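Chains as they are written, first to last, in my numbering: chain Z, 1 to 291; chain X, 1001 to 1192.
Hints listed in this document are in silico derivations from the structure and should not be mistaken for laboratory results. These numbers were taken from a predicted model, which means no experiment stands behind them. Where a beta carbon is used, it is the ideal one built from N, C-alpha and C, also for glycine. Be a bit skeptical, because a hint or two may be false.
[Stated by the list, open to error] Calculated cross-link-like contacts (lysine-lysine; reagent style DSS-like; alpha-carbon spacing at most 25 Å):
(1) Z:K68 <-> X:K1185
(2) Z:K279 <-> X:K1159
(3) Z:K100 <-> X:K1128
(4) X:K1027 <-> Z:K100
(5) Z:K203 <-> X:K1091
(6) X:K1108 <-> Z:K203
[Said to hold, decoys possible] Partial pick of chain X residues on the chain Z-facing surface, computed with a CB cut under 7 Å:
(7) L1017
(8) Y1021
(9) L1023
(10) K1181
(11) K1185
[Stated by the list, open to error] Some chain Z residues well away from chain X (every beta-carbon gap over 10 Å; in silico):
(12) A194
(13) G246
(14) G282
Spelled out from the first residue to the last, the chains are:
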Amino acid sequence: MKYTYYPGCSVSATANLYQESIDSVLPGLGIELEELDDWNCCGATAYMSVRELLSFAISARNLALAEKYHRDMVTPCSACYLVLNKTNRYCEEYPDIRKKVGQALEAGGLNYSGNIKVRHLLDVVVNDVEKEKIAGTVKKDLSALKVAPYYGCQIVRPEIGLDDPDDPQIMDELIRSVGATCVDYSMKTKCCGASLMGTDEKKALHLCKEILADAERNEAHCIITVCPLCQMNLDIYQSKVNSLFGTKFRIPVIYFTQLIGLAQGKSMKELGLGRLGVKISGEMKKIIEGA
Amino acid sequence: MLEKEVVYEATLDHDFLDEIYSLPGGKEVKRCIQCGTCSGSCPQGAVMDHAPRKIFSLIRAGFRNEVLGSNTIWFCSSCYSCAVRCPKEIKITDVMYALKRLAIKEGKVTEGRKSAVLSRNFIKMVNKYGRNHETELMTRYIIEADLLNAFNFAPVGLKLFSNGRLPILPHKMKNVDQLRKIIRKVDEMEGI
Ligand code: SF4
Ligand code: SF4
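Modelling step: build the complete structure from the supplied sequences, incorporating the hints.
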């Protein structure tokens, strides 16, 4: 299966470990990604709050470029997923926005007719690849590993919702199909604070603390995530959570593709796991090495 | 914050509601039944000047300054929890975005100033490279909005850097010119 790939800005920087695991794991699942040539920033939330039309216009440039190929466009980032889908929806629902976006694209010699479906990488892995196929690539017995799925906000929210907004199951199923144990906990779709971490750190740290505490209460060895921003907040800022609240969390927060790779017996290095803020250690390490 | 004293109708802004109605997704505000589901779902409700339900009643009553000057619109982290549960299907998060833009336009950005600075610098990055360059964005943001906090941010930057997650050089796109033409056209349409 071949898809157009929209990586987004984060995976070449703070989320490079996500990209490393994507490169390592996807070919084995029969997923082929061809990077959209010369893509630009999706517009993201920061753009949206200041210049809405501009955000739609630059986001639509990517969609227009993707129309050359007649296939779905896949992104690993939840924020890009939301913004690109929102651009599609607003252009469809509001003729005025569609017209203006069209004029802006025209100035750049482009045209978008509205036919690109934007999908999250998780959706593709869970819904386009048979469960048996994923299970067939598993080499390690991770049944002792307790994994908490963290969905975050954007992939399960309105209109573009991949799954139930309050109790989604697709990542839970994925954890089971690679043979690990899925932890059920109540914070799986609560907000991590997103970009508030940059502007109002204490409030965002508080939100992260609640998520980490709930995962720990339910004895998770690690958390898996589908979004660069969630990963960064829960991983890199975990030591700040600890110093602010006097907690002692040491919970690795890894990408779902890294979990698949671990189950396939790939090395930590190949999966980019050496780049985690909170390294894999203790019981989790024992389980992986012993499996 | 709202003053405790009586506010007379004459001092309220009756155009405010019309302005909100004219925004994409704004008309639905009319349908709000003040059930409070949004406020109950909001992870930021406790720290906002007015939780989302109250924002909607303030909009309808014409409390322009209170709404646009509140920290609420800046503490909204766009998590969409409220929008997904609202029984009247009001696009609450989109309304929050619209309010942010209105507040910037009218120069009413107070407590949430930093979010506005972050957004502005993000746009600069994109206009320059076509993509976000996280390292430069963080540096610019800290210098402009948060210099006092630079010391506090250092350990985070260091952790990212030591794990090879903060590249020094930006990843530029090739056809930045085309992107700039698109941006210029939008500026033109919006009279900027
Ligand atoms: S959930 Fe919807 S209807 Fe209920 S108070 Fe909030 S905006 Fe109004
Ligand atoms: S989208 Fe904003 S207002 Fe709505 S629940 Fe999330 S933080 Fe609160």
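Q) Looking at Z:A194 again, its CB stays over 10 Å from all of chain X? A) Its Cβ does come within 10 Å of chain X, the nearest being 5 Å, so this is violated.
Q.
Hint validation: X:Y1021 versus chain Z, beta carbon distance must be below 7 Å. Holds or violated?
A. Not OK, violated: X:Y1021 not within 7 Å of chain Z, min 14 Å.
Q) Minimum Cβ separation between Z:G282 and chain X greater than 10 Å? A) The claim holds: Z:G282 sits with its nearest Cβ about 19 Å from chain X, beyond 10 Å.
Q.
Checking hints one by one. Is X:K1185 an interface residue toward chain Z, by the C-beta closer than 7 Å rule?
A. holds, 4 Å
Q) Within a Cα-Cα threshold of 25 Å, do Z:K68 and X:K1185 meet the stated pairing? A) With a Cα-Cα distance of about 23 Å, the restraint between Z:K68 and X:K1185 holds, given a limit of 25 Å.
Q: Compare the distance between the alpha carbons of Z:K203 and X:K1091 with 25 Å, and conclude whether the hinted pair is satisfied.
A: holds, 24 Å
Q: Compare the distance between the alpha carbons of Z:K279 and X:K1159 with 25 Å, and conclude whether the hinted pair is satisfied.
A: Holds: Z:K279 and X:K1159 sit about 12 Å apart, inside 25 Å.
Q) Is X:K1027 close enough to Z:K100, meaning Cα to Cα at most 25 Å? A) holds, 21 Å
Q) Do the alpha carbons of X:K1108 and Z:K203 lie within 25 Å of each other, as the hint requires? A) holds, 22 Å
Q | Interface hint compliance - X:K1181 to chain Z, C-beta minimum distance less than 7 Å | A | holds, 5 Å
Q.
Holds or violated: the hint that X:L1017 contacts chain Z, with Cβ atoms closer than 7 Å.
A. violated, 20 Å
(Q) Holds or violated: Z:K100 and X:K1128, Cα atoms, limit 25 Å. (A) holds, 23 Å
Of the numbered hints given earlier, the model fails hints 7, 8, 9, 12; all others are met.
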